[in-house]
Structures are given as structure tokens and as C-alpha cells.
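Top line first, the protein sequences correspond to chains V and C.
1 is the number of the first residue of the first sequence in the numbering used here; add one for each residue after it.
1 is the number of the first residue of the second sequence in the numbering used here; add one for each residue after it.
For the record, the hints were derived by calculation from the structure and aren't laboratory data.
It is possible that part of the hints are untrue.
[To be verified] DSS-like mimics (lysine-lysine), calculated; alpha carbons at most 25 Å apart, straight line:
#	chain 1	residue 1	chain 2	residue 2
1	V	K13	C	K23
2	V	K102	V	K13
3	V	K281	C	K23
4	C	K143	V	K281
5	V	K102	V	K281
6	C	K16	V	K365
7	V	K126	V	K69
[Said to hold, decoys possible] Just a few of them, taken from the derived set where beta-carbon distance is under 10 Å, the chain C residues facing chain V:
#	residue
8	V26
9	A70
10	G73
11	S74
12	S75
13	G83
14	L88
15	D100
16	F109
17	Q126
18	L167
19	P238
Note that the structure is predicted; figures quoted are calculated from it, not measured.
Where a beta carbon is used, it is the ideal one built from N, C-alpha and C, also for glycine.
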Amino acid sequence: MSSLLATSIQVAKKDLRLYFRDRTGVILGFLLPIGLVGVFGFVNKMAFGSEGGLSRSTLWYVDEDESEKSQQFLASLRTANTLRLRPRSDDPAETRETLEDKLHDGEAHHCLIIPAGFGASLAGGKLPPLQMLRDPGRDLEGQMISIGLLQGLFAAAGTDSSHLLTARALQLAGLPEAWNDRIQQVSRGFQTSVELLFQEAEEADRRPPSQNQGAEPPEQSTSSGPDFLSIMNGLVPVDYTDFAPPERPKMLSYFLAQSVSGIGVMMLMFGLIACASMLIKEREDGTLPRLMVSPAPRDAYLWGKFLFALIIGAAQLVVLFAFGNLVFDVDVLRDPITLGVVSLAVLVAVTAFGMLVAAWASTIKQAEGVSTLVILTMSALGGAWYPIQTIDLPPLASLATHSTITYWAMTAYQGLFWHGKPWTDPVMLRSMAVLLGFAVVASIAAVWFYRRRYAGRRPA
Amino acid sequence: MTTPTVASTPALLTVKNLSFRYKQQVALREVNFEIDSGEIFGLLGPNGAGKTTTISCVAGLLGQYGGELAFRGSSFRPFESSGDRQHLGVVPQDLALYEDLTARENLEFFGGLVGLRAGDLGQAIQSALILAGLVERADDRVKTYSGGMKRRLNLAIGQLHRPDLLLLDEPTAGVDPQSRNHLFEALERLRQEGRTIVYTTHYMEEAQRLCDRIAIMDRGRVIAVGTASQLADQAGIPGADLERVFLELTGRSLRDG
Ligand SMILES: Nc1ncnc2c1ncn2[C@@H]1O[C@H](COP(=O)(O)OP(=O)(O)O)[C@@H](O)[C@H]1O
Ligand SMILES: [Mg+2]
């Protein structure tokens with residue numbers, strides 16, 4: 001055993017020497033990932049900084065009022081095209097506490113609480129009180145949810161609510177609260193005038209055939225007047241409670257954190273496959289049989305390569321995270337122990353995967369071809385390019401997503417960078433356990449292939 | 001099959017009924033020979049005769065052969081036992097060097113693999129460099145070497161730990177005459193130190209010049225074993241050279257392959 005270790009270390013030392021002798025290779029191995037992280041980071045920032053990219057935002061709720069009005073409100077939220085309401089109607093109801101847990105675990109980012117008295121205040125001609133527990137970095141989803149709430153309220157309170165909302169909108173735009181009655185008067189007058197206009201249009205038969213009264217996309221006003229979007233967001237009076245780790249840097253956005261760790265993990269896979277492929281090169285160069293005929297343990301070549309790839313991978317991660325820290329405000333050193341533990345789990349899993357490919361493939365071309373395919377697939381499925389966790393996937397796709405190394409690596413890194421979890425958190429422990437599981441299975445398979453192909457079980 | 005020696009002390013290596021087949025190809029059919037301590041033993045035969053396969057079985061690269069191997073009279077299983085491999089040094093037919101490392105670094109690495117440490121390793125490296133005539137170029141990268149220099153380093157690595165039995169597979173392939181002479185001198189020196197050497201070649205002049213005894217191989221069989229003159233006698237043409245002996249024994253020329 002000790003000679004296995006000693007030989008592995010010798011092999012790794014020799015490989016490191018060879019690796020750093022290839023200057024261009026080293027530069028590419030370290031600069032390429034940085035370049036890609038940069039590009040993807042900025043692209044993601046731009047793509048998701050505007051509204052285009054997202055379909056529906058998940059909104060969790062608990063109904064503490066349980067009135068007819070609140071049921072109506074929820075039914076309408078359920079059909080809102082900007083929302084994905086959870087729990088589903090046939091799932092068990094949540095409570096305030098379970099929702100707080102979900103927020104803490106990163107499973108939810110917005111949780112709506114409909115407090116007792118909701119129905120009563122609507123019936124009494126007042127805007128009802130609502131509460132929201134949220135993850136404050138998820139602004140984009142927050143806006144979609146505001147729009148959904150507005151639609152829901154209209155549906156629940158009928159046209160009467162429009163006066164209440166109009167009044168609130170004009171207050172937010174700067175009119176004094178005391179003028180509430182006057183504002184409502186104007187609003188009702190406005191409605192009457194509009195109705196007259198429609199009548200007139202009908203008479204002139206110029207009215208468009210179908211009514212199209214869904215929520216119009218809000219026009220962004222370019223004048224210096226009140227910002228329509230922020231009025232929209234504020235229309236429904238919601239009392240927000242922020243749930244964010246206090247140390248999270250203000251500038252960090254969810255998508256940037258995702259990009260830095262996502263591309264990091266992807267590039268790590270490419271780098272480690274290249275390292276592992278040195279195993280095949282040794283066989284092609286004939287240096288491998290030299291080890292096979294030496295008295296040193298034969299498995300040591302595999303483990304030596306493993307050790308070597310692990311060291312190079314660790315160095316790449318250090319450089320990448322330093323870059324992410326400098327450029328994108330991912331505060332990598334906030335919890336160095338968790339960073340180390342998570343990175344080790346990721347490294348071991350990815351390295352084992354690289355060893356498997358190298359031990360399986362019979363030529364470098366094969367290894368490169370297969371690994372490129374697998375890495376790109378895993379990166380896409382596992383959320384290295386796009387926050388796949390924000391998409392509602394059918395069960396089969398979700399299974400595929402969960403069976404990638406990338407997914408669990410991303411979950412662990414996002415758990416650290418975004419949710420600020422320590423490595424002892426159950427979500428983190430589970431991710432790392434899955435990663436280690438991958439590592440063990442891939443290592444066993446790699447040893448099996450290696451012994452079959454390299455250690456003379458059949459002629460090389 | 002004639003075995004000339006009926007020795008009281010067992011041979012260094014005994015190869016008995018060695019057979020091997022690749023997936024489709026039968027490479028060795030019941031090969032028999034014995035190697036005595038201190039001799040240079042030649043395996044002479046055209047390409048495809050089975051020389052490399054024989055060496056690979058003895059070196060522990062191939063495991064699923066038929067027949068038996070014995071080392072100093074006791075069972076020898078180099079494929080399974082790393083202790084058995086400790087007796088061996090192997091110089092592969094194809095160069096097996098790290099081109100981006102220097103000669104010294106190559107020697108360091110392979111010396112570490114055969115278990116040499118610290119002071120022993122340093123001394124072994126120094127004498128290996130002298131043997132290979134590479135003292136001056138020891139710290140240049142191997143990729144800057146000529147073909148002959150690489151061949152010499154290839155040999156120097158194989159004998160680094162002074163193995164009881166040194167297996168050389170066609171060490172002169174693609175080497176200019178001057179480097180070949182240098183290589184022969186190195187082998188002579190190893191013989192004088194008492195090393196036992198197995199030398200495979202398809203050049204009959206090399207076998208004639210270097211080897212104490214020769215096994216002639218063809219199509220996976222050993223056809224005859226003995227000194228050059230014993231072989232000529234066996235073929236019934238005393239005094240003839242190995243080329244003619246081979247022709248007489250096989251009906252084919254050595255160059256046919
Ligand atoms: N890896 C291999 N796979 C299949 N056949 C092989 C392999 N290596 C050698 N052979 C075949 O086995 C026979 C003996 O080959 P080899 O031992 O290399 O001969 P030599 O070294 O004398 O040239 C040849 O017919 C060769 O084609
Ligand atoms: Mg050969």
C-alpha cells in the first residue's frame with residue numbers, strides 16, 4: 001500500500017513536471033477558463049438583466065385567511081401567465097414555517113402569506129394586507145410576481161378594486177394621501193368617460209372584435225416622470241421580509257454567481273480530461289509498459305494521474321475563483337473551509353470522471369470526442385450555462401438533470417456563494433455526498449477498465 | 001528439441017513449452033530454451049517470428065500464456081508477482097522515454113519506479129549516464145537527442161537497477177553504425193560486469209558478433225539452440241554463417257519476415 005502511494009506520488013511529480021514544461025498548454029489551461037467565465041458572465045448578466053429570458057416565476061403561498069375571497073385570489077394567481085403557484089392545488093398546504101425553511105434551503109425565492117382578514121378588508125372596500133418572504137436578489141422574478149399579484153387582485157375584487165389601485169398608484173406617484181377621495185372621484189369619472197368612449201366607438205362600429213383586457217405589458221416611460229414599473233411593483237401593498245445571508249455581497253446577482261461557478265466547473269472538466277488523457281499518451285508513447293514491467297504497483301499509474309489531475313484542477317479553481325472574486329464580486333473567501341470542502345468534493349468527482357474516460361478510451365481522439373460530448377451535455381443539463389433550477393422540468397428531464405455531476409457541483413457552489421450555507425448544511429452535505437458517490441462509482445469503473453486495458457489482462 | 005546442457009545448477013531462466021495467442025493470431029507454439037547466468041543469449045528470427053511476444057511474457061507484460069517459466073529453478077510468475085519483476089530489466093523495442101524531460105529526469109523517474117532511492121539512485125544515474133555516453137547532455141531534453149542517443153538512454157534506463165536478467169528487444173532498430181558500435185561496447189561492459197542478457201534481433205551479424213548462444217526462431221517456434229558453430233553443425237553445414245543456417249533450417253531467408 002505504501003509503495004502504491006509512493007509510486008503514485010512519483011508519477012504525479014513527473015506529470016506535473018511535464019505539464020509545466022508545456023508553456024502554451026499551461027497558459028491555455030488557465031487563461032481559457034478565465035476568458036470563458038468572463039464572456040459567459042457578461043452575457044448572462046445582459047441576457048437576464050432584461051425581461052426576455054424567463055418564463056414563469058415560482059411563487060409559494062400559505063393561505064391563513066381561507067375565505068372565499070382568498071380562494072378566488074389564489075385561483076386567479078394560479079392562472080396568471082407570469083406565475084407558477086406552489087404548492088399545486090392537490091399538494092398539501094404549506095405553513096409559514098415550512099416556507100421559511102424552503103427559503104433558507106434555496107428551494108423558494110418568493111413566499112406569499114395571505115393573512116387572516118384578507119377577505120374581510122376586500123369586502124370592506126380596502127386594499128387587503130399581504131406579506132411576502134423573499135430572497136432579495138431575485139428582482140427579476142419579483143417583478144413578474146408583482147404583475148401576477150395585480151392580475152389576481154383585479155380578479156378577486158372585481159372592477160371596484162381598480163379605483164383603490166388607481167388611488168394607490170397616484171399616491172405612489174406623488175399625490176398626497178389626504179386627497180384619496182378626490183382621486184377616487186377622478187378615477188370614477190375617468191371610468192365613466194372611458195365607458196362613454198367605448199359606447200361611441202361601438203356605435204361607429206369601429207370597436208375591435210374581441211376584448212383584449214389581459215395585463216398589457218407595461219411601457220417603460222422614458223420621460224423623467226414617475227417610473228411606471230416601480231409604481232406597478234408597488235401597487236399591491238405587500239409587506240416584504242428579506243431572507244438573505246447577511247454577508248452576501250450587494251453587487252452579486254444570482255446569474256453571475258451561477259456563471260462563475262458553472263463555467264468554472266465546465267472548464268475544470270475539460271482541463272482534467274486533458275490531464276487524464278496523458279494516460280493514453282503514455283501508452284501510445286510506450287512509456288506505460290515500462291511501468292508495467294517495473295516492480296512498482298501497476299495501479300499506481302492510474303492513481304498518480306489522479307493525484308496530478310487533482311493538483312492541476314485545484315490550481316485552476318484557485319485562479320478561477322480569484323478572478324470571479326475580482327471581477328464579479330463573488331466573495332469566495334467568506335467561508336474558506338466550505339469553499340475548500342466543496343471544491344474537494346467537486347474535484348474528486350470530476351477527476352474520477354476524467355480517469356474513467358481516459359481508462360475507457362483506446363485513443364486520445366476517442367477520449368477527446370467522447371468527453372467533449374459528455375461535458376457539454378452535462379454542462380447544459382446540470383445548469384452550468386443557464387440556471388436550470390429556475391425551470392419547471394418534466395420528471396424525465398429533471399431526472400436527467402439530477403444525474404449530472406454538474407448539477408450537484410452547481411448546487412453546492414450556489415449553496416455557498418448565493419445562499420451562504422456552511423458545508424454542514426443538509427443541502428450541502430447531500431450535494432457533496434452525491435458528488436462523492438459519483439467519484440466512487442467512476443473510480444471503480446476506471447480501475448476496472450484500466451486493469452483490463454493497461455495492466456495486461458489482454459494484449460495492449 | 002536438443003538441450004545441450006544438463007547442468008547440476010539450475011539455469012537462470014527456464015522457458016518451458018511457452019505458448020501465446022493473440023485474439024486471432026497464434027504467436028508462440030511451445031517455445032523452449034534455457035538461459036545461463038552471465039551469458040548473452042540471442043533470439044534470432046525474422047519479423048513476426050515471436051521474439052517480442054517471448055520477451056513480453058518473460059517481462060511480465062503478458063499474463064495469459066501457456067507453459068511455464070522458472071527463475072533459478074523455482075517458479076517464475078512476473079505478470080502476477082512484482083517481486084519476480086524485481087529481477088528483470090527491460091529495454092523495449094520501441095523507445096519509451098519522456099521527450100520533454102531530460103536524460104537525468106528520465107533516469108530519476110524510472111529509477112524511482114524500480115525502487116532506487118536517494119544516494120543509490122544518484123550513483124546509478126551517474127553510471128548509467130557514463131554507460132550511455134550522455135554525461136555531457138544529461139540536462140538537455142530528450143527531444144533534442146539523435147536517434148542513437150535515445151537508443152542508448154533507452155538501454156541505460158533498463159539496466160539502471162542492475163537487474164539479474166536484462167531483456168533487450170531489437171535495441172539497434174534505426175540506429176546509425178557509430179551508435180550501434182557504442183551500444184555494443186556498452187553491452188560488452190555489462191557482460192563483463194556479469195550481467196545476463198537476452199538480445200533479440202533479426203540481424204544475423206549482430207547475433208554472431210555479440211551472443212554466446214543463440215535460439216533461432218521462426219513462426220512462433222524455436223527451431224534450434226546453441227553457439228553459432230553448434231547451430232552450423234546441427235544444420236549439417238559446419239562453418240557456415242547464421243544466414244545460411246537459417247535458410248537451411250527453415251527453407252526461407254532471414255529477410256523474408
Ligand atoms: N498486439 C498484437 N495483436 C495481435 N497480433 C500480434 C500482436 N503483436 C504481435 N502479433 C502477432 O504475433 C506474431 C509475433 O509477433 P512478434 O512477437 O511481435 O514478433 P517479432 O518480435 O519477432 O517481430 C506476429 O504474427 C504478429 O503479427
Ligand atoms: Mg519484435
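Does C:K23 sit within 25 Å of V:K13, going by the straight-line distance between their CA atoms? Given pair V:K13, C:K23 is violated - Cα atoms ~37 Å apart, limit 25 Å.
Starting from V:K102, check that the Cα of V:K281 is at most 25 Å away, please. The given pair, whose Cα atoms are some 49 Å apart, is violated under the 25 Å limit.
Using Cβ atoms only, decide whether C:P238 comes closer than 10 Å to chain V, and label the hint accordingly. Status violated, d = 40 Å.
Is the hint on C:G73 kept, meaning its closest Cβ partner in chain V is under 10 Å away? violated, 21 Å
Does the alpha-carbon distance linking V:K281 and C:K23 stay inside the 25 Å limit? holds, 24 Å
Proposed interface contact between C:D100 and chain V, which counts if any beta carbon pair is under 10 Å: holds, 5 Å
At a threshold of 10 Å, is the proposed contact between C:F109 and chain V supported by beta-carbon distances? holds, 5 Å
Satisfaction of hint between V:K281 and C:K143, Cα-Cα up to 25 Å: Holds. C:K143 to V:K281 sits at ~16 Å (cutoff 25 Å).
Does the CB of C:V26 sit less than 10 Å away from some CB of chain V? Cβ of C:V26 sits 13 Å from chain V, so the hint is violated.
Sort out whether V:K69 lies within 25 Å of V:K126, counting only the CA atoms. holds, 13 Å
Hint validation: C:A70 versus chain V, beta carbon distance must be below 10 Å. Holds or violated? Violated, because the Cβ-Cβ distance from C:A70 to chain V comes to roughly 19 Å (cut-off 10 Å).
Hold the hint about C:L167 up to the distance rule: shortest CB distance to chain V must be less than 10 Å. For C:L167, the interface hint holds, since the closest Cβ of chain V sits about 8 Å away, which is under 10 Å.
In this structure, the earlier hints numbered 1, 2, 5, 6, 8, 9, 10, 11, 12, 17 and 19 are contradicted, and the remaining ones agree with it.
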